[in-house]
Amino acid sequence: MKAASRTARIIASAALTLLGLLLATFLIARVVPIDPVIAILGDRASASSYEQTRKELGLDRPLYVQFARYVASAARGDFGRSALTKNPVAQDIGRFFPATIELATGATLLGVLFGVPAGIYAAARRGRLTDQLTRALGLFGYSVPVFWLGMMALVLFYADLGWAAGPGRIDAALEDFVPRVTGFIVIDAALAGDGDALRSALSHLALPALVLGYFSFAYISRMTRSFMLQELGQEYIVAARAKGLSERRVLWVHAFRNLRLPLITVIALAYAGLLEGSVLTETVFSWPGIGQYITNSLLSIDMNAVLGGTLVIGAMFIAVNLIADLLYRVLDPRAR
Amino acid sequence: MTVKLGASIVVLAALLALAAPLLAPYGPDAQSLADRLQQPGSAHWLGTDELGRDILSRLIYGARVTLGIVALVSVVTAPIGLLVGCVAGYFGSWVEAVLMRVTDVFLALPRLILALAFVAALGPGIVNAVLAIAIVSWPPYARVARAESLTLRHAEFIDAARLAGASGGRIVLRHIMPLCLPSVIVRMSLDMAGVILIAAGLGFLGLGAQPPTAEWGAMIASGRQYMLDHWWVAAMPGIAIAVLSLAFNLLGDGLRDWLDPKQR
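In order, the protein sequence lines correspond to chains B and P.
Using our numbering, the letters of the first sequence correspond one by one to residues 216 to 551.
Using our numbering, the letters of the second sequence correspond one by one to residues 108 to 371.
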């Protein structure tokens, strides 16, 4: 009973955050120094047609009514039409979304794959070279601009060494041969059984995913290290060691069991962070995701597109955190 | 040790920024098309950009912009965070519930992307960039200030002030806020690296300082076109950003460990 009410509370708090996000984008749309009526009619419109359009847009109603309407239309998935592409923003986002998810997922996988072991070994060898190296790598990851690292990676690994494919999701020549099923090009190529396309897609994904994954590595390894240090100070670890268990078993079986829970939250936060970080990375790698969609729309002040993209990324951000909170409750016996 | 390293780099950057006209070998906007895209060498230590401007000089002047943004953001966010946190912590009850709820909502929103949307709406420029960053940056300070003022709420000197007839506003402003300031400053030094990175991102997207202002993020953006053959144009400003935010990270980490021995 108690657990159910706590779960309800978590969901309610996520809903409130979502409402806050909607309020933020609603207010941002209001501060744009462009009169929406004039944007539609042009500044030569007569006073009567101006008034009429104003009424049609609902701009004569009080702010809270406008906000309620805004929330209702966002709930229907209606973010208006993009001034740049002329499509409904929701449709555009649907087209660009899979690329962003593909990149963020690939990057998070890399971050977890390298970050968790690095954090664990850094903690186990505290103060020694492994530890210093992991911490330095992590600190650097907290300090360098992601778009810059992406550019330098392109210069080095694509232009100079030729190890990785360049910008884009797949070689242009192969692009039309991959039937769009899921929108995730790696999966689509695999489904089509097209080896060349799959290799090309993976090779294009590698560099941006590594660059972005580095940032989640920085975060994940740092948090893992600090969780692990806490665990290693516990008495059950001393007991396990006194029993003569191998160090590997102590770390990966005994201590790791207690790391899984906090790590869920950390990985979720890393994933959410990457969704956001993709905004700057996608531009550099010409990766056709929401980030690029937003940045392209920014400069032409296509606010419907910008705010629609902001809402979708923000909602994902909130959803990922909600899922992590709920998982935590399911997996932690004390929280049940 | 790390605190000292971080602090000395920050101080050095501040000195460079202050003395930019004395130290920069060239003017930040002095073009010389004959010398465009020169490799780093003896005449131009860090090379020149696509207009023949000396990159080192632009980096030195760019420190003014970046540190200026950092300073302005702190000046705007710290008071907001302090006020929200201290009022919530001191008054408690529904005031606290409402304020902290709002703070939590802000805290749960993606910072960078909201700042982007804000600047896009307000129009590009440094002032708007500062505003946008400030709007998304105050919540952590509010949390810190609240935690701090919770412990002060029932302190005897606060009771004494109340008995002496001080109003709630006076107690918050004169007695609680000053005592919350140190922890907010530590928290801020931790956030400065993030502010630098967001500012650079905005500049990179053309939403921050406008050309020809020497701003590090914008310099990276303009070097992007030439990066395959002239890597230094984009590389140098990125290194400057990384070094300065690394310095703030070292400083912030060190200050936090120093104040909170448990973290050591």
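Since the hints were made in silico from the structure, they are not lab data.
Note that the structure is a prediction, hence the values are computed from the model and not measured.
Just so it is clear, CB atoms sit at the ideal spot from N, CA and C, and this is done for glycine as well.
Watch out, some of these pointers could steer you wrong.
[Stated by the list, open to error] To give an idea of the interface, some chain B residues facing chain P are shown, with a C-beta separation under 7 Å as derived from the structure:
id: 1; residue: A223
id: 2; residue: T232
id: 3; residue: T510
Hints versus structure:
At its closest, the beta carbon of A223 of chain B sits 16 Å from a beta carbon of chain P; the interface hint therefore is violated under the 7 Å criterion. Taking 7 Å as the C-beta cut-off, the interface hint given for T232 of chain B holds, the closest approach to chain P being about 4 Å. Interface hint at T510 of chain B: satisfied, since its Cβ lies 6 Å from the closest Cβ of chain P, which is below the 7 Å cut-off.
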